[in-house]
Structure formats: C-alpha cells, structure tokens
Amino acid sequence: MDSWEAARHRLVEELRALGIRDERVLEALHEIPRHEFVPEAYREHAYENRPLPIDEGQTISQPYIVALMTEALRLTPQDRVLEIGTGSGYQTAILATLAAEVYTIERFPTLLEKARARLETLGFQNVRYKCGDGTVGWPEFAPYDGILATGSVPRVPPSLKEQLADGGRLVIPVGGRHYQTLQLLERHGDAFGERELCECSFLPLIGEEGWPPEHAERPCGPEPEDDESPP
240 MDSWEAARHR LVEELRALGI RDERVLEALH EIPRHEFVPE AYREHAYENR
290 PLPIDEGQTI SQPYIVALMT EALRLTPQDR VLEIGTGSGY QTAILATLAA
340 EVYTIERFPT LLEKARARLE TLGFQNVRYK CGDGTVGWPE FAPYDGILAT
390 GSVPRVPPSL KEQLADGGRL VIPVGGRHYQ TLQLLERHGD AFGERELCEC
440 SFLPLIGEEG WPPEHAERPC GPEPEDDESP P
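Quick note, our numbering runs 239 ahead of the 1-based positions in the sequence shown.
It should be emphasised that the hints constitute simulated quantities derived from the structure, not laboratory data. Misleading hints may appear alongside valid ones.
With a cut-off of at most 30 angstroms between alpha-carbon atoms, the simulated DSS-like pairs for lysine-lysine come out as follows [what the hints assert, rightly or not]:
1. Lys353 / Lys369
2. Lys400 / Lys353
3. Lys369 / Lys400
Kindly generate the complete structure, drawing on both the sequences and the hints.
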C-alpha cells in the first residue's frame with residue numbers, strides 16, 4: 240500500500256466513523272485519487288477531511304460532504320445523473336464510478352477543461368460536459384435519476400425539479416448567501432418530498448435560477464474554513 244492509498248484508507252475509515260454507511264460510496268472514495276484533483280500546493284492535504292482551494296476562487300468540497308451528498312442520491316449502476324458545478328471534477332469522478340452516465344455543467348471554461356482532462360486521464364468515458372448556466376439544468380438529456388448541485392441557491396431552481404425523473408432525488412444547498420441547509424428532494428409524480436440533511440455553507444451558484452452575478456465575488460483565502468460545514 241503506497242502513501243496515497245494509505246491516506247485514502249484512513250479517510251474512508253474516518254468517514255465511516257462519521258456515519259457514512261453506503262459501502263459503494265466508501266469504495267468510490269477509496270478508489271478515486273483526490274490528490275490528482277487539488278493544486279500541487281495543497282496536495283499534502285488532499286486526504287484531510289476539509290475543503291481546499293482550486294482555480295477561479297472555487298473549492299474542492301470536504302470529503303464528508305461529498306460522501307453525504309452522494310449517499311443521499313442512492314445511485315444504482317443504471318442511473319443517469321446531472322451534476323451542477325463540475326469544479327475540480329472530483330465529485331464528478333465519484334458519481335461516474337457509481338452511475339451509468341453523468342452530465343456535468345460548469346460556468347468556468349478553464350475549470351471544465353481541466354476537469355475533463357483529469358477525468359479522461361483516469362479513464363472515465365461515461366461523462367458528458369457542458370459549459371454554461373447550471374441553474375437551468377440540461378433539458379436535452381432529462382429526466383435524470385439524480386441531480387446534485389455543488390453550489391448554493393436562494394431557492395430550489397424550478398428547472399432542476401422539472402428535469403428530475405419520477406422517483407429521482409435532488410441534493411442541493413438552499414438558503415442565504417453564506418449559510419444554507421443541505422436539502423434532499425425526492426419526486427413522486429408532481430409532488431416533491433423534502434428532507435434536511437445538515438447545515439452547510441457553499442459558494443453560490445450563479446445563474447438565471449440561482450444567485451445574480453454580483454454575488455459571484457467572494458474572497459478565498461489559502462485555507463477556506465466555511466465552504467462546507469464539518470459534521
């Protein structure tokens with residue numbers, strides 16, 4: 240076992256102790272090399288349970304939050320998933336390991352292309368990429384069995400609810416500019432059941448059905464402390 244694999248093993252055991260129970264999710268986090276998705280300057284911290292800075296003032300999410308959101312989707316190998324906010328591509332890789340197809344949208348072209356390069360290098364061939372406004376979804380390929388948003392919104396975008404399949408699940412941070420509640424919505428016909436998973440603090444999703452552009456700027460120090468709340 241090399242040092243990176245040992246670090247992943249320790250992280251997975253930490254997540255298991257924190258309450259993550261889905262063995263497929265834990266196995267995916269053990270398999271995906273998170274250090275390949277973080278900048279070189281932060282690589283030594285790749286398997287710590289905290290968010291880290293990436294390009295464009297964004298972050299790679301805290302592993303616990305990645306695991307919690309993924310577990311809430313209850314993915315099967317036949318599912319089709321929409322991801323809003325590709326970022327580094329780490330969450331994309333987890334989803335692509337568990338589902339049949341992943342459709343991911345990112346508003347920063349530089350982030351999207353770097354994520355695509357990483358994922359293709361790692362051998363993922365079941366991911367489609369789009370640069371654009373993720374708050375309105377990707378209706379061309381709807382409906383989706385799962386939708387996961389890696390940024391916050393003031394209210395759940397109607398477009399994402401419309402693009403969710405019957406029985407499908409949507410996980411998204413909803414609330415104020417700096418602090419939100421991570422919500423799980425499950426569709427049953429035209430009705431949506433809702434459940435709160437935890438309190439959190441995500442960067443904003445900028446777009447037509449999310450936050451307006453003036454909310455895009457936010458100082459990002461070398462070690463962000465509030466992009467996702469610890470368990």
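Subject >> Distance restraint between lysine 353 and lysine 369, which requires alpha-carbon spacing of 30 angstroms or less >> reply: At roughly 13 angstroms apart (the allowed maximum being 30 angstroms), lysine 369 and lysine 353 satisfy the hint.
Subject >> lysine 369 paired with lysine 400 [C-alpha distance capped at 30 angstroms] >> reply: holds, 19 angstroms
Subject >> Hint consistency between lysine 400 and lysine 353 [alpha-carbon to alpha-carbon, up to 30 angstroms] >> reply: This hinted pair holds, its Cα atoms lying about 29 angstroms apart.
When held up to the earlier numbered hints, the structure conflicts with none and fits them all.
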